[in-house]
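S.K.: If you want the building blocks of each chain, they are given just below.
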Amino acid sequence: MEKFKAVLQLQSQYRSALSYGLITLLTAGGEKIFSTVVFECPCNATWNLPYGLVFLLVPALALFLLGYALSARTWRLLTGCCFQSTSESSSPRLHRAFVCMQISGMAAVASLTWVAVALLGGSFYVCAASGSTLMATRLCKNRDPGCVDKLPQVPCKQEAEMLDMQSELKAQSQVFGWVLIAAVIILVLLVKSIIRCISPISYLQLQFWKIYVEKEKQILQSQATEHATQLAKETVRCFFECANPNECKTPSREAWEQIS
Amino acid sequence: MEKFKAVLQLQSQYRSALSYGLITLLTAGGEKIFSTVVFECPCNATWNLPYGLVFLLVPALALFLLGYALSARTWRLLTGCCFQSTSESSSPRLHRAFVCMQISGMAAVASLTWVAVALLGGSFYVCAASGSTLMATRLCKNRDPGCVDKLPQVPCKQEAEMLDMQSELKAQSQVFGWVLIAAVIILVLLVKSIIRCISPISYLQLQFWKIYVEKEKQILQSQATEHATQLAKETVRCFFECANPNECKTPSREAWEQIS
Amino acid sequence: MEKFKAVLQLQSQYRSALSYGLITLLTAGGEKIFSTVVFECPCNATWNLPYGLVFLLVPALALFLLGYALSARTWRLLTGCCFQSTSESSSPRLHRAFVCMQISGMAAVASLTWVAVALLGGSFYVCAASGSTLMATRLCKNRDPGCVDKLPQVPCKQEAEMLDMQSELKAQSQVFGWVLIAAVIILVLLVKSIIRCISPISYLQLQFWKIYVEKEKQILQSQATEHATQLAKETVRCFFECANPNECKTPSREAWEQIS
Chain A
1 MEKFKAVLQL
11 QSQYRSALSY
21 GLITLLTAGG
31 EKIFSTVVFE
41 CPCNATWNLP
51 YGLVFLLVPA
61 LALFLLGYAL
71 SARTWRLLTG
81 CCFQSTSESS
91 SPRLHRAFVC
101 MQISGMAAVA
111 SLTWVAVALL
121 GGSFYVCAAS
131 GSTLMATRLC
141 KNRDPGCVDK
151 LPQVPCKQEA
161 EMLDMQSELK
171 AQSQVFGWVL
181 IAAVIILVLL
191 VKSIIRCISP
201 ISYLQLQFWK
211 IYVEKEKQIL
221 QSQATEHATQ
231 LAKETVRCFF
241 ECANPNECKT
251 PSREAWEQIS
Chain B
1 MEKFKAVLQL
11 QSQYRSALSY
21 GLITLLTAGG
31 EKIFSTVVFE
41 CPCNATWNLP
51 YGLVFLLVPA
61 LALFLLGYAL
71 SARTWRLLTG
81 CCFQSTSESS
91 SPRLHRAFVC
101 MQISGMAAVA
111 SLTWVAVALL
121 GGSFYVCAAS
131 GSTLMATRLC
141 KNRDPGCVDK
151 LPQVPCKQEA
161 EMLDMQSELK
171 AQSQVFGWVL
181 IAAVIILVLL
191 VKSIIRCISP
201 ISYLQLQFWK
211 IYVEKEKQIL
221 QSQATEHATQ
231 LAKETVRCFF
241 ECANPNECKT
251 PSREAWEQIS
Chain C
1 MEKFKAVLQL
11 QSQYRSALSY
21 GLITLLTAGG
31 EKIFSTVVFE
41 CPCNATWNLP
51 YGLVFLLVPA
61 LALFLLGYAL
71 SARTWRLLTG
81 CCFQSTSESS
91 SPRLHRAFVC
101 MQISGMAAVA
111 SLTWVAVALL
121 GGSFYVCAAS
131 GSTLMATRLC
141 KNRDPGCVDK
151 LPQVPCKQEA
161 EMLDMQSELK
171 AQSQVFGWVL
181 IAAVIILVLL
191 VKSIIRCISP
201 ISYLQLQFWK
211 IYVEKEKQIL
221 QSQATEHATQ
231 LAKETVRCFF
241 ECANPNECKT
251 PSREAWEQIS
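Chains as they are written, first to last, in the numbering used here: chain A, 1 to 260; chain B, 1 to 260; chain C, 1 to 260.
Hints are computed from structural coordinates only; laboratory data are not their basis.
Accuracy of the hints is not assured; some may be wrong.
To be verified - Ranges between beta-carbon positions, derived for each pair: (1) C/96 / B/100: 31 to 39 Å; (2) B/19 / C/183: 27 to 35 Å; (3) C/160 / B/137: 26 to 34 Å; (4) C/78 / B/104: 38 to 46 Å; (5) B/100 / C/62: 39 to 47 Å; (6) C/22 / B/233: 27 to 35 Å; (7) B/233 / C/183: 44 to 52 Å; (8) A/221 / C/30: 45 to 53 Å; (9) A/208 / B/19: 32 to 40 Å.
Positions of the beta carbon are idealized from the N, C-alpha and C atoms, including for glycine.
Just chain A, same shape as in the assembly:
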């Protein structure tokens, strides 16, 4: 029992780390499935570049937007913001921009994972690069003159020269992948350090406020459920017994707006 409790506490402590890890794993798995089952480079001068880029970027965009859509804080921020945005001072606006940045950061995890895993895998980049004229001039600098025409066939044919160019492109892709991963980690660490550094409250106070916000959410949820049950029971009873409903105390609209 004590063991179980410890596991639960550990889980609540590292919940955000765990969920990030889960998202990363799912995205990486999905990328592997897509690149082996669905992806098939057309090996065609016109279609190679758009095909590769679509597989590299559109799923990342979709994951980014899904990350926004599934975050409850996006909706809390947006709900009713059209009406109240004019009468506010500049301080909540700063706060709003900060929350917006936080949500973007969380939504970007899955999409950056997709791009990084796809670059490390290499097949999307090889296909896209073999159809680009810019890459063609750079790749074929020291090779025979027919190279530029043969380039779109690189991802499909298994000849010696083709395989050579294919492995060069794959190496480029993986180097870009590692550079992307390093850049993202450095950027996130820098931004988080700066924010913590300029924050006016101390570390332990921040911890306390996190616990407080969590608890408040839980208690509000349970109280709201209880209140709603009572109200619903009253309404239904009134309907069947045709009696006049008792007036039930509910918080006013203004009160709701203030606590949101």
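With chain A held as given, fit chains B and C onto it using these hints.
M.R.: Relative to the frame of chain A, chains B and C by itself:
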């Protein structure tokens, strides 16, 4: 026990996301089964285009209509609406249009999934495009003159040039599939953001009303069952004992209409 | 326990959807078994058309009649209707036609599923079409003159030209199958919408009456069993003790007719 409760609460919290995911998975699985078991391109100039389009669009239409038919809210909206539509003011009409849009959105999930998965799979599009004269002129621009006549055979024959055209068509199909997915996600997010943004009530109040409506439905259901049992017992007792039935208080027709 | 209860409630809520789905699955499975095990096209100019049509339509007719026979409401409607049909006013006749239409709709599910699955499978249609003279003139328009004579052999021989015609016929069959499915879904949805739309009672009242009818049936069943047990005990006791039977209150024949 606590773990189990948490799972249940999680399930009730993410129910709509879960059901969307389930619908998407089922549709994708169904599409895979259909495209491998039932689908067989006729490779015939006359029938390729209609055959491919029928497999691409008719199941999507069927899923869309089924989505409408299985939604309880469709029937709640429709029941008896022919009689009361004339005497209403404009405000309920706006509300009705809003609910109608919501139902359409939910019904469209499965049908859009079908089209997207079918386009990513590619076989339906390859078959349809190989029978279209519009595509023939575009595909055969830089090829030999017999290309247009050979085009309908593309999905069936395994020759080098055929495979080349087949992979080009498949690439087009997958690019269109990804574009469709991205467009739908962006559109849904935009519409939802705008709706939330112009809503006059705050986020937490909305949460409270959601809980309330859920509870009210549960309690109304249980109360109605209880009431119906009582009424039915009374009626049957009267029949066997040939006594005069006691008048049982039931809400009038007007009351029912008002709460619907 | 709570989980189990929820499953039961879910089942009672979606019972009709579940039973429709089960019927559809069973019919589709049965069709697959028949078309692979029993069906074997005679490839004969005289017999192809009737053989294919018999496999396509007779099982559908049988399933339609079985649907009628297995519905309890058919027998409730029919029992004793020969005697009382003359003395009724027009209102119950309208109600009777409505119930009759409802039973027909439910009985038609299985038979339409059979036809749709058979058309999607294609083998029955290919056999029937290859024996029809009308199809022969249309299919052989741009082919060599011996085509009409060879047509009945299409479902059996594996030559190049035969396979071409076979795949064209199969494509036609599947297109007709999808058109049938779409047409049926649109028709059902239209009819149901119109019926719901002109109904004078609201959605929630309808829900309440459904619960009421269900409960009344249950209670009538249990009360009738109790009453019959009492009556039978009385009669048997009278027989063995040769005493005069106590008159037991049973509802008269007229009362039974009225509640049916």
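S.K.: Check the following: the C-beta atoms of residue 78 of chain C and residue 104 of chain B are separated by a distance inside 38 to 46 Å.
M.R.: holds (42 Å)
S.K.: Return holds or violated for the Cβ distance of residue 160 of chain C and residue 137 of chain B against the range 26 to 34 Å.
M.R.: holds (28 Å)
S.K.: The hint says 45 to 53 Å between residue 221 of chain A and residue 30 of chain C; measuring C-beta to C-beta, is that right?
M.R.: holds (51 Å)
S.K.: Could you see if the CB distance from residue 96 of chain C to residue 100 of chain B stays within 31 to 39 Å?
M.R.: With a Cβ separation near 35 Å, residue 96 of chain C and residue 100 of chain B satisfy 31 to 39 Å, so the hint holds.
S.K.: How does the Cβ-Cβ distance of residue 19 of chain B and residue 183 of chain C compare with 27 to 35 Å: does it lie in that range?
M.R.: Taking Cβ atoms as reference, residue 19 of chain B and residue 183 of chain C lie about 29 Å apart, which means the hint holds.
S.K.: A range of 44 to 52 Å was offered for this pair. Does it hold for the Cβ distance of residue 233 of chain B and residue 183 of chain C?
M.R.: Holds - the Cβ-Cβ distance for residue 233 of chain B and residue 183 of chain C, about 46 Å, lies within 44 to 52 Å.
S.K.: Could you say whether the range 32 to 40 Å given as a hint is met by the Cβ separation of residue 208 of chain A and residue 19 of chain B?
M.R.: Distance hint for residue 208 of chain A, residue 19 of chain B holds at roughly 38 Å.
S.K.: Range hint 39 to 47 Å: satisfied by the CB atoms of residue 100 of chain B and residue 62 of chain C?
M.R.: Holds: the Cβ-Cβ distance is about 41 Å, inside 39 to 47 Å.
S.K.: Is it true that the C-beta distance of residue 22 of chain C to residue 233 of chain B lies inside 27 to 35 Å, as the hint says?
M.R.: Between residue 22 of chain C and residue 233 of chain B, where Cβ atoms are some 32 Å apart, the hint holds.
Checked against the numbered hints above, the structure violates none of them.
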